[in-house]
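Here the protein sequences line up with chains G and D, keeping their order. For what it's worth, the numbering used here labels the leading residue of the first sequence as 1, then goes sequentially. For what it's worth, the numbering used here labels the leading residue of the second sequence as 1001, then goes sequentially.
Watch out, some of these pointers could steer you wrong.
As the list claims (entries may be wrong) - According to the in silico footprint, chain D covers these stretches of chain G (three or more CB under 8 angstroms from chain D): (1) 313-325; (2) 381-395.
Stated by the list, open to error - Which stretches of chain G does chain D cover? Using the computed rule of at least three CB atoms under 8 angstroms from a CB of chain D, they are: (3) 124-137; (4) 153-163; (5) 192-204; (6) 228-241; (7) 273-282; (8) 302-308.
Claimed, not checked - Using 27 angstroms as the maximum straight-line C-alpha spacing, the simulated DSSO-like pairs for lysine-lysine come out as follows: (9) K266/G / K90/G; (10) K1210/D / K320/G; (11) K369/G / K320/G; (12) K1210/D / K1004/D; (13) K1004/D / K90/G; (14) K218/G / K117/G; (15) K1051/D / K55/G; (16) K164/G / K90/G; (17) K117/G / K1051/D; (18) K218/G / K320/G; (19) K55/G / K393/G; (20) K393/G / K266/G; (21) K1071/D / K52/G; (22) K1071/D / K1210/D; (23) K1071/D / K1051/D; (24) K266/G / K1004/D; (25) K320/G / K393/G; (26) K411/G / K164/G.
Derived from the structure by calculation, the hints contain no laboratory data. This one's a predicted model, so the numbers in the text were calculated from it and none came from an experiment. Here a beta-carbon is modelled for each residue, glycine too, at the ideal position from N, C-alpha and C.
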Amino acid sequence: MSNVFMGMPSLPVFGDGNLHIDEPFPAAAHRELGNTQMRANLRHATHTIRDKRLKVVGELPDWEELRDAGAATKNLVMANLPALLEEFEKNFTARGGIIHWARDADEANRIVSDLIKEQDTDEVVKVKSMATQEIGLNEYLEEQGISAFETDLAELIVQLGHDKPSHILVPAIHKNRSEVRDIFLAEMPNVDPNLTDEPRLLAMAAREHLRRKFLSAKVAVSGANFALADSGTLAVVESEGNGRMCLTLPETLITVMGIEKLLPGKEDLEVFMQLLPRSSTGERMNPYTSLWTGVTEGDGPQNVHLVMLDNGRTAALADKYGRTALNCIRCSACMNVCPVYERTGGHAYGSTYPGPIGAILTPLLTGIKSEENSSLPYASSLCGACFDACPVKINIPEILVHLRGEDVDSKRGEKKLPSQMDLMMKGAQWAFSSGKHLGLLEKGLPLGKLAAGRDKKIKRLPGIAAGWTRSRDIPAPPTQSFRDWWKKDHRPAAATTEQEK
Amino acid sequence: MSAKEEILSRITSALRDAPTPEPIPREYRTTSDMPLAELIELLVDRLEDYKAHVDVVDSAQLSATIADRLKDATSFVVPHGIDETWLADATPDGDARRRTDAPGAVLGIPELDSTDAVLTSSAVSIAESGTIVLDGTPDQGRRAISLVPDHHVCVVPASTIVRLLPEALPRMDITRPLTWISGPSATSDIELERVEGVHGPRRLDVIIVKGL
Ligand code: SF4
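Construct the entire structure; sequences and hints are all you get.
Written out as structure tokens, the structure reads:
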């Protein structure tokens, strides 16, 4: 097989799976904002991690140089993706690994499920993986009569609590220690009824609960953080040792990985393994990193598979203003610093990928027109904190603005009529184009007074601006505009002297 | 069209604007010249921060230190390539506590699970991040033996310590099964606060050996 261009250029083919928000972000956010316990938990957790990250990042004199190298490496990978994928496949296969390609979520799910069935088992242990979360693998396997046991502590909390992940690194970030204890007491068989909420004891309880599963599992399913093209090596970065258990003890290992995870070679690990742990858990290095290249005789799984997943990644790649979203290494720094995420939590984003990266990646993977995903690029105040924190320098605010433009364009295309947003923008253009226009508009201010009630607050704005007033009141405008006040109070003769201040 | 052909064709068409990225700037630190004594000090500091126990000894003290670290273990496993002189003090009255894992005579998972500790050497260590790399050579053994027992005693020859990750990678054979270890197993999954001890060994003892 060569990667020579074949046939018609394909239209972008979008992804499917747990990527669709079924209610618009403002509505979901409004509901989540009512959960004060969750907000307190998130505030505590995100502030803890911010401080840790800043400390370990500040230790490295060459942090910015590492970010530059990381960003450039990923751009290079995306530009050379076909050649690198071929190279990776050749090397991984030469070492006894077997590669499968999956166009979309459904195809990936079927491949994994068939591979599991071949091993005559109806149980698998899983290492936390965003790709399998994205394709809804656990739900699919359940339909097929296969139980998938999540082994990462936070994933376990989510799974036992019949909950959904709300963060890409710490999926149970919205739960505090006593909520975790309650879930364990209710859902974990044989748990010590006197379990307290001390994190160390909760971790112990998870160890007891999963140990037998690890020691007896025949098949493990994992994701991968990196894949090295020039050697065919895969890497998993983790903390607890559940990853090592899954990658080492079972006979069969099935890894599901997005096609964008490639790196050219070993040398690149020196950059990414400095960037990732410091950005994600705020540690100099995560406790465990495992690397494997196909099959090693006498050490670890002897039946090794890799599913290479598209599911909308090629569509994201086709957007030349949005494609750098694929450079994401899933560290979660952007959500940990995001003021919107801190308040709404991850569930409001509706997709596997929450926070600033989710607000761009989700609509890029599914297309802006899919369900309510066009509301995601507005889930940001464009403050830029995410861009500053991102270890691979993805300009998230710029892509958000680009996607808002796409959204406006696609809506206009559908309606063939100027939308409210267009009219507002046109209005703003007119108002700000001259002082006279603005002055004229400001004459309307006393009207605003009337719109506000006795409490001097405007509770509901009309049209699309209503979204703004749904969760906040606007103070009534002053009777006099700043421009009028300045004109009256600042005659040239009445200029104040320095001393009077 | 096969799935692979179709995905590659989608990529080719996604890249029709032929992006030409800049070459990778590698301005970050790739070499250092820290004296050995300071390297050891830095590594000790990092490992202790992860709650590992660290001894720094001369090669003459190694056997006694290993014996001391293993004194509470009712059984321990060693890979077949371990330097036998290291065990002189740990096995004074024969091999009752010792189990050896060797190709062709591998210990089963239940056996490893009922073994208290494991003793291995290591391939390379990175002082700045407190990371020890195991590469599965005969003095480190296959991955399962340093994973299942709850207590890992790991020997770090001083000559294998470097300061920076970019200095360590050229020393690694990337196609071997590699495990990078930075402290005992830990989790930050509850309120993002780190606690030590989940599924991997809960106790990590590191012995840094000068002159080795
Ligand atoms: S976008 Fe950047 S900061 Fe956010 S998760 Fe991805 S790599 Fe991390």
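| request: Please name the hints from earlier in the document that this structure breaks, with their numbers sorted from lowest to highest. | output: Violated: hints 2, 3, 8, 10, 12, 16, 17, 18, 21 and 26.
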